[in-house]
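Visitor: Keeping the supplied structure of chain A fixed, place chain B upon it in accordance with the hints.
2 protein chains.
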Amino acid sequence: MTETSPRFTFDSPSADASEQETGTVFRPRFDANGLIPCVTIDAKRHDVLMVAWMNRDALSRTLETGEAWYWSRSRAELWHKGETSGQIQKVVSLVVDCDQDTLVLAVNVLGDGGCCHTGRRSCFYRSVDIDGPGRTRLVYLPAAPS
Amino acid sequence: MTETSPRFTFDSPSADASEQETGTVFRPRFDANGLIPCVTIDAKRHDVLMVAWMNRDALSRTLETGEAWYWSRSRAELWHKGETSGQIQKVVSLVVDCDQDTLVLAVNVLGDGGCCHTGRRSCFYRSVDIDGPGRTRLVYLPAAPS
Numbered sequence: 000m001t002e003t004s005p006r007f008t009f010d011s012p013s014a015d016a017s018e019q020e021t022g023t024v025f026r027p028r029f030d031a032n033g034l035i036p037c038v039t040i041d042a043k044r045h046d047v048l049m050v051a052w053m054n055r056d057a058l059s060r061t062l063e064t065g066e067a068w069y070w071s072r073s074r075a076e077l078w079h080k081g082e083t084s085g086q087i088q089k090v091v092s093l094v095v096d097c098d099q100d101t102l103v104l105a106v107n108v109l110g111d112g113g114c115c116h117t118g119r120r121s122c123f124y125r126s127v128d129i130d131g132p133g134r135t136r137l138v139y140l141p142a143a144p145s
Numbered sequence: 000m001t002e003t004s005p006r007f008t009f010d011s012p013s014a015d016a017s018e019q020e021t022g023t024v025f026r027p028r029f030d031a032n033g034l035i036p037c038v039t040i041d042a043k044r045h046d047v048l049m050v051a052w053m054n055r056d057a058l059s060r061t062l063e064t065g066e067a068w069y070w071s072r073s074r075a076e077l078w079h080k081g082e083t084s085g086q087i088q089k090v091v092s093l094v095v096d097c098d099q100d101t102l103v104l105a106v107n108v109l110g111d112g113g114c115c116h117t118g119r120r121s122c123f124y125r126s127v128d129i130d131g132p133g134r135t136r137l138v139y140l141p142a143a144p145s
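Line order of the protein sequences matches chains A and B.
Letter 117 of the first sequence, counting from 1, is numbered 116 in numbering that gives the first Met the number 0, and no numbers are missing.
Letter 14 of the second sequence, counting from 1, is numbered 13 in numbering that gives the first Met the number 0, and no numbers are missing.
Okay, chain A solo, but in the shape it has when bound (with noise of 0.2 Å):
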């Protein structure tokens, strides 16, 4: 990643299953609202730290600069991940699935390693436990140090 790369664009998705899965172009599949979602996870641990969405220009972003941008659902709009926490995430890998409409992005993430809203190093933060016979509830997962 270099933080020098001007604007990318991206070539459509191909309709032959075959280029799109075994091809060597990057033919990113955006979906109806324009958005593709992104899986981020520790670079050096490689748990899931949180799963966001990208719209083009966040994901031409992410690769220009090497830090992570998202599209923010909530807020409607871009999202420069880090730029008020610190929690900055610099990218060390992005890598797509098959059929091309799904990226997971490894990151390291800066300032106190935090990465969820609420504080915590991640957002997957509680498990789903079966507590009877159709009955579910939440445990808190052990706090893993930033």
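These aren't lab readings, by the way, just hints derived from the structure by calculation.
Beta carbons: idealized from backbone N, C-alpha and C, even for Gly.
Honestly, I wouldn't trust all of these hints.
One-sided and incomplete, this derived list gives chain A residues near chain B with beta-carbon spacing under 7 Å [unchecked claim]: (1) Arg6; (2) Ser17; (3) Glu20; (4) Phe25; (5) Leu109; (6) Gly113; (7) Thr117; (8) Ser126.
Simulated DEER-style distance windows between Cβ atoms [said to hold, decoys possible]: (9) Asn107(B) - Pro5(A): 40 to 46 Å; (10) Asp30(B) - Pro5(A): 21 to 27 Å; (11) Thr21(B) - Thr23(A): 32 to 38 Å.
Guide: Structure of chain B alone, referenced to chain A:
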């Protein structure tokens, strides 16, 4: 997880963000299409195998049976992963994110250990690399043994 649980029903998301984010009641937030994204990871290696979608029925069946069920958007039908391929995903844990609109499912894969319909262990086998100013290319990752 048990194979004898009856059908699960799910509470609605709370309008109270604190309840949604810190409560111990599972309140999955299905989207406008009745779906919630599920990041499926390998329970032992912790890498991302696939990202798929569940509706209420798929989520209930996953909890009922201890095996992963999804909603196939392309086929518009319930999808018991591995039913034809033998690549059944045995559930080890299910974790929900802060606002309860995304799931992480940790599984052990049966059969030949594959997950992707292309025959690979994971759907994420190509890295998005920068190939010059504003240009990308996909680069195959080294194949991990199944």
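Visitor: Which hint numbers does the structure go against, in order from smallest to largest?
Guide: 2, 5, 6, 10 and 11
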